[in-house]
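Taken in sequence, the protein lines are chains G and L. Going left to right, the first sequence walks through residues 0 to 421 as numbering that gives the first Met the number 0 numbers them. Going left to right, the second sequence walks through residues 0 to 304 as numbering that gives the first Met the number 0 numbers them.
I should point out that these hints are in silico values taken from the structure, not numbers from a laboratory. One or more hints might be untrue.
Said to hold, decoys possible - Derived Cβ-Cβ restraints for the label pairs, each shown as a range:
| hint | chain 1 | residue 1 | chain 2 | residue 2 | range |
| --- | --- | --- | --- | --- | --- |
| 1 | L | Leu-286 | G | Pro-308 | 34 to 44 Å |
| 2 | L | Ser-139 | G | Tyr-385 | 46 to 56 Å |
| 3 | L | Val-225 | G | Pro-107 | 49 to 59 Å |
Stated by the list, open to error - Simulated coverage check for chain L against chain G, where a stretch passes if three residues somewhere in it have a Cβ under 8 Å from a Cβ of chain G:
| hint | segment |
| --- | --- |
| 4 | 47-57 |
| 5 | 70-82 |
| 6 | 86-94 |
| 7 | 97-107 |
| 8 | 121-130 |
| 9 | 237-243 |
| 10 | 277-284 |
Beta carbons: idealized from backbone N, C-alpha and C, even for Gly.
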Amino acid sequence: MTRSLFDMVKDAALAALVAALLALPLLGFRLADSAQGLQLETRLSWVPIAAAIVFAGRLALNLAAPWLAKWKDRAPAGKPKLETAINRRPLYVGLAMAAAALALPLTPWGDRNMLDKGTLVLIYVMLGWGLNIVVGLAGLLVLGYAAFYAVGAYSYAILSQIFGLTFWECLPISGAMAALFGLLVGFPVLRLRGDYLAIVTLGFGEIIRVILLNWASITGGPNGISGIQRPSFFGMPMTASSPGHTTFHEFFDIPFAPTQRIVLLYYVILLLALVTNLVSLRIRRLPIGRAWEALREDEIACRSLGINPTASKLSAFALGTAFAGFAGCFFATRQGFISPESFTFLESAVILAIVVLGGMGSQTGVVLAAVLLVGLPEWFRDLAQYRMIAFGGAMVLIMLWRPKGLLAGRTPTIRLNKGEAA
Amino acid sequence: MNYFLQQMINGVTLGAIYGLIAIGYTMVYGIIGMINFAHGDIMMIGAFISLIAFLVVGALGVTAVPLALVLVLVGALFFTSAYGWAVERVAYRRLRGSFKLAPLISAIGMSIVLQNMVQLVQGARVKPLQPVITGGIELSAAGSDYPVTLGWLQIVIILLTVALMAGFTFLIQRTSLGRAQRATEQDMGMANLLGINVDRVISMTFVMGAALAGVAGLMVTLYYGVVDFYIGFVAGMKAFTAAVLGGIGSLPGAMLGGLLIGLIEALWSGYGSIEYKDVAVFAVLILVLMVRPSGLLGKPEVEKV
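Starting from the given sequences, assemble the full structure and let the hints guide the process.
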């Protein structure tokens, strides 16, 4: 499909016209606060600039279209080849990635800054893998995953404040609490159509946030909870000195360094993430995992085969939310401070975006998407607002470019005929 | 009693606004089965455009309130529709027929882009507007303990909503565009085979939804008197809840759902605690869905093998 140059210019001119139209009210005028109330400032010169940018961009895209098409065609259309390639990849790539992540603190790059960012990315990797159990395997769309993350975080924060429990004691409790909430939400709605689950979980996320904001006597309201205990290393606190306890550096007889705590946090989340990964990889081989995937594909067929849809979905939901609880517990101990601000809808959207952008069901894809969406923007903290626009724009562009996600195509659960992919 | 009446009036007004936004959700969902997450932000853009239009109209020297209102309404309708069209064209059209979550993520991305774009170009601070329509009718008898007022603004909002709904129903039921739309909703492939330009119909759906959201944005601007870049999210979420409550895909359902959400919110704020009004809204949604899984006026979905 080649178009004449004239057509391309015409198309670009149309796009520019639309851009000018859109830019006119919002870019052309600016609402400015002043002593006399709201004032209007004009900056109409921005409108032609916006139009010109769109014109140039559209024209470039049109001119590049034939090459882009050719480039796309170059990828072989043959599906079997692609699938075997995908099937071989995860094990080696995954092991290599895990090894690299394990070795990171020992390498020269593993300074404090890098480890902090690595820890943050790993939290999202873990959340992505956890949500992937619900969305990717069981096919249930959840828009309020951050709520369960919040339940985990607040469970730990509150338990450690009131009962003085430690991180390691609270970790399983946080997971259990999140799973319990998952069951509570899931039970009434899981028999509903998929999209209703989406809205109900979205609503649940808001409910949790509103409660956290307003139940000030327990949750601290908008001020949140601060001074949350840091994790210890087998009971040894990671502090310079601790009366009555042997601290980490005293036990190993090494000089104290604040980095030690960062390294510990990094390894804890790496361990948690790898456990999440292992569980979701292995559970796909179990009957319950197969039931989830079967349910995702065809619920009626499953029912006629004697699979209980509600129970299966509930178990997927509970497992997925439990991992959110673990991650939340870790988040609380890492930050030392939590507030409802950290658990907004945007958080849920980012986690879901990581799962979908990575290519649903692809464990490596989740890592890739987490690095791209969470790790990369960390380097551009100074450009706060542009960063968010770029973030949203990237979500749109990646979807347009690869609607199935960056690493599309999941590993077939069962191979009917070894060697030859279906 | 008077207090109750006043809350009802407030609730109906609020419900009218939610209903208008909900129609955009329900129509888009009905036709292409996607949750258009950017729709709330389209409403927010409509609110900003209205605010700017008010100031422009004021600067041009139009002082008669009805004329100014009509001009602003037309401006908001036009430009917000353009935004609705552009969002569909850029972010959703190419994803039609692809795997189901792709347009959802694209929509969430679009919502983030729109919010932050407005924040960037218009500033993050809350923008106030002096009341344009003031006064109202005193409904309560003289000397009663709680005065009940029906504001002119509330009357305008309710009448405008009723008029738009009537026009909209006519559009869907009687015109060829409405027929094409209903056909596309029932079976996109078949409609395409029969010569309906499906892309155009879907574009028009977004334009209509955005136009109604633009009017809702104008109403929000007038009613609350303040606008900021974040209003789209909360209002959009409640409107979507309204659409689900009424039965997603059903236009009267969207209006009914909006009305109910508005009433619940007003009554809960009036009698319960204002902090927990959103909790009440979602709790009612969950309860209704448990009893009627396809919403109040929705058709039960027949699952086929």
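Check each numbered hint against the structure and report the violated ones by number, ascending.
1
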